[in-house]
Amino acid sequence: MKYAYFPGCSLHSTAKEFDMSARAVCRELGIELEEIPDWNCCGATSAHSLNRDLSIALPLRNLAKAEEMGLDVIAPCAACFNRMKSADGIAKDHPEMLTEIAEKSGINYRGTINVISLLEAITLLGEEAIKSHVKRELSELKVACYYGCLLLRPPDITRFDDPENPKSLDNLVTALGAEAVNWPYKTECCGASLSLSKVEVVEKLTHDILSMAKRAGANCVAAACPLCQGNLDLRQAQIETAYGERFGLPVFYFTQLMGLAFGLPESELGLKRHMVSADRVLAASGSR
Amino acid sequence: MAKASVCDRLTIPEDNSFKDEIKKLSGQSVMECYQCGECTAGCPVAYAADMMPNQVTRLVQLGQENEALNSSMIWLCVGCETCTTRCPRKVELAKVMDALRETAVKRGIKPKEPAIRTFHETFLNSVERGGRVHEISMIGEFKLRSLNLFSDIFLAVKMFLKGKLALMPRFIKGRGEIKRIFRIRRKA
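Each protein sequence line maps, in turn, to chains B and F.
The first sequence begins at 0 in numbering that gives the first Met the number 0 and counts up one residue at a time.
The second sequence begins at 0 in numbering that gives the first Met the number 0 and counts up one residue at a time.
Only chain B is shown next, with the shape it has when bound in the complex (with noise of 0.2 Å):
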């Protein structure tokens, strides 16, 4: 299977980690990536809070380019999923809005390709395709999977899995040997964007999420996004120190997890570019 992909900005900067495990995975599996020549930023939050039009321009230009491949798009970042997922449907639900954006900013894009979340694509290759590749089953590892709002709301526009209780996470690091602990916070809502602008209100939602993942005794987090994994991630320790209460949960992008059950090495994986290191959980896992 051949992709156009779209990694994003994220994936070439704070979530590198999640670019070079998400390549070696689909090499792996024999999901073939093209990346989309000279892409842009899909404007992310910052463009749908100010500007509609822009925010659906950004994304088109992109998709004009992925239907001159004429391939389906892959975005692993959930938040560039959302939309360029969001930019299709305009584009084939409302063809008048179409006609106008393309006017304002000469992009023309047709509609003829989709796109589609990674975590989908790998969904869809079915759990045998995936059980066939592991190596070493991640037995040890008690994992909090972590979907956030975007990869599945809302389900008018993701169309992919149950946008309360997703379950196509859980059933993939079960698929690689772990364990997927039942949490109630599979969903909620990180504060992404507000991470630099009101860092208290995104204090408390990571807090409450990290606070949730141990309560229900995980030992790391899985995540699909890299504002997710940032905010849990780099803002863990200031967490702890803020709250008074010990996470030390590490926060590994979904593909690193399949990566160490592939036995890929760790050096295509990126492990070591996380704030909260893995090595603890890993070595008591006897995943590495």
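Think of the hints as simulated: they come from the structure by calculation, not from any bench.
A portion of the hints provided could be inaccurate.
[Claimed, not checked] In silico BS3-like links for lysine-lysine, alpha-carbon gap of 30 Å or less: (1) F:K89 / B:K91; (2) F:K109 / B:K103; (3) B:K91 / F:K172; (4) F:K178 / B:K271; (5) F:K161 / B:K134; (6) B:K134 / B:K203; (7) B:K213 / F:K172; (8) B:K91 / F:K178; (9) B:K64 / F:K178; (10) F:K105 / F:K178; (11) B:K271 / B:K134; (12) B:K15 / F:K178; (13) B:K91 / F:K161; (14) F:K89 / B:K203; (15) F:K23 / B:K166; (16) F:K157 / B:K91; (17) B:K64 / F:K172; (18) F:K22 / B:K103; (19) F:K23 / B:K203; (20) F:K142 / B:K213; (21) F:K18 / B:K203; (22) F:K22 / B:K15; (23) B:K203 / F:K142; (24) F:K157 / B:K141; (25) F:K18 / F:K109; (26) B:K271 / F:K105; (27) F:K161 / B:K15; (28) F:K161 / B:K103; (29) F:K142 / B:K15.
[Unchecked claim] One side of the interface only, derived from the structure: several residues of chain B facing chain F at Cβ under 8 Å: (30) G42; (31) P162; (32) N164; (33) K166; (34) L195.
[Unchecked claim] Some, not all, of what chain B presents toward chain F, calculated at C-beta under 8 Å: (35) S48; (36) R51; (37) K130; (38) S196.
Ideal Cβ positions, reconstructed from N, Cα and C, are used throughout, including at glycine.
Model the placement of chain F on the given structure of chain B, informed by the hints.
Here is chain F on its own, set in the frame of chain B:
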């Protein structure tokens, strides 16, 4: 004597111009809302806001432009789409919040949460310059503009050491196309 209710203090406009404006921009009819409060119950940021999401909707229903556009809720809304997902009346409230923010900016209303607006503007400026976000210059501009220079400085250093922040921006080739796309914003 009966207590004066909030409604006694409100002047309900006779035309629907504000409601219609929000409907045109958001594609949503707030009149569908029957005030069940499901949006508020699930909103992760409502606790920090000056009014609840269903109250913002009510203000739009009643044409209370100033109150709605001056609320901190419209800026705190982070677009998590929980309200949109759960609304029994299928009002996509996250889109209404987008439309209210955009309208507030158009009207030149000073936001109750200025740092949040400054962040979004700084982010878009970075995209406009290079086609992609360059974190270090974007964060620098944000901190200068929001006069919040020293928070997170140790975190930023740690992130840099982990290779999470690129020193130099990577401009894309199609910057001309990006400039043209951004004319949409300038015209607004």
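Results of checking the hints against the structure:
A threshold of 30 Å between alpha carbons decides the hint, and for K89 of chain F with K91 of chain B the separation of about 20 Å falls inside it, so the pair holds. Between K109 of chain F and K103 of chain B, the direct Cα distance comes to roughly 28 Å. Compliance with the 30 Å bound is thereby established for this hinted pair. The straight-line distance between the Cα atoms of K91 of chain B and K172 of chain F is roughly 28 Å, inside the 30 Å bound, and the hint therefore holds. Proposed proximity of K178 of chain F and K271 of chain B is contradicted: the alpha carbons are some 38 Å apart, above 30 Å.
Pair hint K161 of chain F plus K134 of chain B holds up; C-alpha atoms about 29 Å apart against a cutoff of 30 Å. Only pairs whose Cα atoms come within 30 Å are accepted, and K134 of chain B paired with K203 of chain B is rejected, the gap being roughly 39 Å. Between the alpha carbons of K213 of chain B and K172 of chain F the distance comes to roughly 46 Å, so the proposed pair goes past 30 Å and is violated. Pair hint K91 of chain B plus K178 of chain F holds up; C-alpha atoms about 25 Å apart against a cutoff of 30 Å.
Taken as a hint, the K64 of chain B and K178 of chain F pair is honoured in the structure, with Cα atoms around 17 Å apart against an allowance of 30 Å. A threshold of 30 Å between alpha carbons decides the hint, and for K105 of chain F with K178 of chain F the separation of about 20 Å falls inside it, so the pair holds. Between K271 of chain B and K134 of chain B the alpha-carbon distance is near 21 Å, which keeps this suggested pair within the 30 Å criterion. Our distance criterion of 30 Å between C-alpha atoms is met by K15 of chain B and K178 of chain F, whose separation comes to about 27 Å.
For the suggested pair K91 of chain B and K161 of chain F, the alpha carbons sit about 41 Å apart, so the restraint of at most 30 Å is broken. Under the criterion of a C-alpha separation no larger than 30 Å, the hint pairing K89 of chain F with K203 of chain B is consistent with the structure, at around 29 Å. As the CA atoms of K23 of chain F and K166 of chain B are separated by approximately 37 Å, the hinted pair breaks the 30 Å bound. Proximity of K157 of chain F to K91 of chain B is assessed by CA-CA distance (about 44 Å); at most 30 Å being required, the pair is judged violated.
The suggested pairing of K64 of chain B with K172 of chain F holds, with an alpha-carbon distance near 13 Å, which does not exceed 30 Å. For the given pair, K22 of chain F sits about 21 Å from K103 of chain B by alpha-carbon distance, which is consistent with the 30 Å threshold. For the hint linking K23 of chain F to K203 of chain B, the alpha-carbon distance of about 35 Å lies beyond 30 Å, and the restraint is violated. Proposed proximity of K142 of chain F and K213 of chain B is contradicted: the alpha carbons are some 34 Å apart, above 30 Å.
Proposed proximity of K18 of chain F and K203 of chain B is contradicted: the alpha carbons are some 34 Å apart, above 30 Å. This hinted pair does not check out: K22 of chain F and K15 of chain B have alpha carbons roughly 40 Å apart, beyond 30 Å. Of the pairs offered as hints, the one joining K203 of chain B and K142 of chain F holds, with about 22 Å between alpha carbons and a cut-off of 30 Å not exceeded. This hinted pair checks out: K157 of chain F and K141 of chain B have alpha carbons roughly 28 Å apart, not beyond 30 Å.
A threshold of 30 Å between alpha carbons decides the hint, and for K18 of chain F with K109 of chain F the separation of about 21 Å falls inside it, so the pair holds. Taking the CA atoms of K271 of chain B and K105 of chain F, the gap is near 45 Å; set against the 30 Å cutoff, the hint is violated. A threshold of 30 Å between alpha carbons decides the hint, and for K161 of chain F with K15 of chain B the separation of about 10 Å falls inside it, so the pair holds. Our distance criterion of 30 Å between C-alpha atoms is broken by K161 of chain F and K103 of chain B, whose separation comes to about 41 Å.
Distance hint between K142 of chain F and K15 of chain B is fulfilled; the C-alpha atoms sit about 24 Å from each other, no more than 30 Å. Below 8 Å, beta-carbon pairs count as interface contacts, and G42 of chain B has one with chain F at about 7 Å; its hint therefore holds. Taken as an interface hint, P162 of chain B checks out: its beta carbon lies about 5 Å from the nearest beta carbon of chain F, inside 8 Å. Interface restraint check: N164 of chain B against chain F, minimum CB-CB distance 12 Å, threshold 8 Å, status violated.
Using the Cβ-Cβ criterion of 8 Å, the hint placing K166 of chain B at the interface with chain F is not satisfied: the shortest such distance is roughly 17 Å. Interface hint at L195 of chain B: satisfied, since its Cβ lies 6 Å from the closest Cβ of chain F, which is below the 8 Å cut-off. Interface hint status for S48 of chain B: upheld, as the beta-carbon distance to the closest one in chain F is roughly 5 Å, under 8 Å. A cut of 8 Å between beta carbons decides the hint on R51 of chain B: the least distance to chain F is about 6 Å, and the hint holds.
For K130 of chain B, the shortest C-beta to C-beta distance to chain F is roughly 32 Å, which exceeds 8 Å, and the interface hint is violated. Below 8 Å, beta-carbon pairs count as interface contacts, and S196 of chain B has one with chain F at about 4 Å; its hint therefore holds.
Hints 4, 6, 7, 13, 15, 16, 19, 20, 21, 22, 26, 28, 32, 33 and 37, counting from the list given before, are not met by this structure.
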